[in-house]
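Just so you know, the sequences run in chain order A and B. For the first sequence, the residue numbers in my numbering are 607 to 1090. For the second sequence, the residue numbers in my numbering are 5 to 162.
Be a bit skeptical, because a hint or two may be false.
[Said to hold, decoys possible] Each computed DSSO-like pair below joins lysine-lysine, with the alpha-carbon atoms no more than 27 Å apart:
| hint | chain 1 | residue 1 | chain 2 | residue 2 |
| --- | --- | --- | --- | --- |
| 1 | A | 784 | A | 980 |
| 2 | A | 980 | A | 960 |
| 3 | A | 736 | B | 110 |
| 4 | A | 703 | A | 899 |
| 5 | A | 1006 | A | 977 |
| 6 | A | 899 | A | 873 |
| 7 | A | 980 | A | 703 |
| 8 | A | 610 | A | 924 |
| 9 | A | 861 | A | 927 |
| 10 | B | 152 | A | 747 |
| 11 | A | 924 | A | 632 |
| 12 | A | 1006 | B | 110 |
| 13 | A | 758 | B | 115 |
| 14 | B | 115 | A | 765 |
| 15 | A | 736 | B | 133 |
| 16 | A | 789 | A | 818 |
| 17 | B | 85 | B | 152 |
| 18 | A | 747 | A | 861 |
| 19 | A | 747 | A | 758 |
| 20 | A | 1004 | A | 1033 |
| 21 | A | 747 | B | 133 |
| 22 | A | 758 | B | 110 |
| 23 | A | 823 | A | 924 |
| 24 | A | 823 | A | 980 |
| 25 | A | 823 | A | 1006 |
| 26 | B | 152 | A | 770 |
In short, the hints are calculated from the structure, not lab data.
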Amino acid sequence: MSRKITIDPVTRVEGHGRVTIHLDEKGRVDESFFHIVEFRGFERFIQGHPYWEAPNLVQRLCGICPVSHHLAAAKAIDQIVGIDPPDLSPVATKLRKLMHYGQIFQSHALHFFYLASPDLLFGVDAPPEKRNVVGVAVENKDLAVKGINMRKFGQEIIKALSGKRIHGTLAIPGGVYKTFTAKNRDYFLNGSDQNNVDTMIEWSQQMVDFIKSYHEKNRTFLDEFAAFPSGHLGSVQPDGAMEMYDGLMRAIDAKGNITLPDVHPDKYADYFSEAVERWSYMKFPYLKDLGRKKGWNRVGPLARVNICDYIPTPLAEKARKEFVEFTGKKVNNFTMYSHWARLIETLHCAEVIKELLLDPDILSDDDLVRKGEKRQTGIGIIEAPRGTLTHHYEVDDKGKITRCNLIVSTTHNNDAMNKAVRWVADKVISEKKKITEGMLNQVEVAIRAYDPCLSCATQAMGKMPLKAELYDSNGELVDEKIKN
Amino acid sequence: MKKSKTEQNQTLLIGIGNTGRADDGLGWLFLNRMEELYPDRFEFEYRYQLQVEDAELISNFHTVLFIDATVDDLPDGIALKVCEPATEYFYSSHMQSPEAILYLAKTLYNKQPETSVLKITGYEWGLGKPLSSPARQNLDCAADLFRKNYILQEEPSY
Chain A
607 MSRKITIDPV TRVEGHGRVT IHLDEKGRVD ESFFHIVEFR GFERFIQGHP
657 YWEAPNLVQR LCGICPVSHH LAAAKAIDQI VGIDPPDLSP VATKLRKLMH
707 YGQIFQSHAL HFFYLASPDL LFGVDAPPEK RNVVGVAVEN KDLAVKGINM
757 RKFGQEIIKA LSGKRIHGTL AIPGGVYKTF TAKNRDYFLN GSDQNNVDTM
807 IEWSQQMVDF IKSYHEKNRT FLDEFAAFPS GHLGSVQPDG AMEMYDGLMR
857 AIDAKGNITL PDVHPDKYAD YFSEAVERWS YMKFPYLKDL GRKKGWNRVG
907 PLARVNICDY IPTPLAEKAR KEFVEFTGKK VNNFTMYSHW ARLIETLHCA
957 EVIKELLLDP DILSDDDLVR KGEKRQTGIG IIEAPRGTLT HHYEVDDKGK
1007 ITRCNLIVST THNNDAMNKA VRWVADKVIS EKKKITEGML NQVEVAIRAY
1057 DPCLSCATQA MGKMPLKAEL YDSNGELVDE KIKN
Chain B
5 MKKSKTEQNQ TLLIGIGNTG RADDGLGWLF LNRMEELYPD RFEFEYRYQL
55 QVEDAELISN FHTVLFIDAT VDDLPDGIAL KVCEPATEYF YSSHMQSPEA
105 ILYLAKTLYN KQPETSVLKI TGYEWGLGKP LSSPARQNLD CAADLFRKNY
155 ILQEEPSY
């Protein structure tokens, strides 16, 4: 009897996805898919809008990482008004970076504390009613409070700069519309409550120590679970340092060979193409030179730590060195190490935020906006929390957008997530007569490690019911689990 | 960062919804109306959905009222109920119930503000659609109920 297992939707990820696993008569995995079945539309309906609306319109793609879309679009639109990233004023660049690092900090905190930590603290087989952030709050109050305050800190930085925690505005074509105040800076630097940047650095360091300790106790699980070789893509500074806001695109293969040699963002279309599959609305980007099957790359924290030569802040660099020691400085292809890499990045963000807060340029109210000679194309690439994010706009003579192409971070991880699902299907579910909730959660654990933002990836709005179904070869429902 | 109003006001009104989706905006429209009538008397927060960190927010207040649209067919189109802490948890990070938020405030911050939920029945949920006429009537009823329960009770009688 062949069977089909459906996990619908995948839980504790941003947005809604579905997994199907097809088993043959002997219960072996025949094929598996991670489907994204929401409708995409932003690339189309933004056409016809004036270019200056883009940074505010596209951030509505998401309620978790709107800042990334706001800034990637702004970088592209800067070029429409004749300003390349190096030509932006120092105050505008630094204020945008402050918001960007605040965004990554809060997003990483959200993922680790709210979404991932229940699996690590309670185990992948723990009862689902315990395996959530409420369970974390009950059993590990200190961790939960730190998670909430770290997320709040990042969100308050965003709010101080853009007026709102979600969907505010800082960037305008060629710069920023307002500067930072000394009162705000002092609050984040020296605030008397727990929300000051030194506390954030201290707590971020504690989280790195937490995952190192977890690694010591669970190394086999971290080394083996959903591990597979792949390429890795991210951005670096010209000297190879990790770069989140404005860098060169670098990719390596599973052994560390360079497959994309520090390419300027303007050239992305020369190197990347996107494939589609009939079973998903999410695209599959890949490097043209290597082709569809070999050219896909993981993106996000693990990839960024893999591709950079160093991290340009001291505590995060120390943490990176410890991280790479575990693989003998070889490329880390272990899916579950994404959590560790994410916490190293969280620490890096906190350090960068402090550097920026101490920089007097952020208080300047001169030279907020610059303008050059208008152009008709703009490309903005940024390292969003989940990975490399590309916004590309073309406009007509009247400044109306005629074409928009978005390569959203999560789409780069599309192949990786499908491969991770297949790994769990083969190793955990194959040839098992009874499918348990714990087994299904392991499929989700593999996907969750990539922190996918599925609403971003398809630019969708939607809601799905939550159930897992098991069908026999005649299409009869033989088992069903409801998760809520 | 905003502390001055919080120090003065001990009551927080949280409107949940989205004015871009017709009657789903009832919570926000209710807040708009109250903010116009009583700008300095309450603290106002607008939410698309409740999130875990809202537990920290409500822990700073004595009284909290969540206002949200509902598909339930309520008598007079409204219902005001006391909210009790509960461990119900939604599978997504960014869609929690008032009960779960209250539970987290109690567990993490040892605070349990007097909390109620005001539900207002909606009928239309389409993207870009305006508020429906029956929902507007329910909004009026909700405003009256609020005045009775939160305004008149605080005002001295002569």
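key: Violations among the numbered hints   = 2, 4, 8, 10, 11, 12, 15, 16, 18, 20, 21, 24, 25, 26
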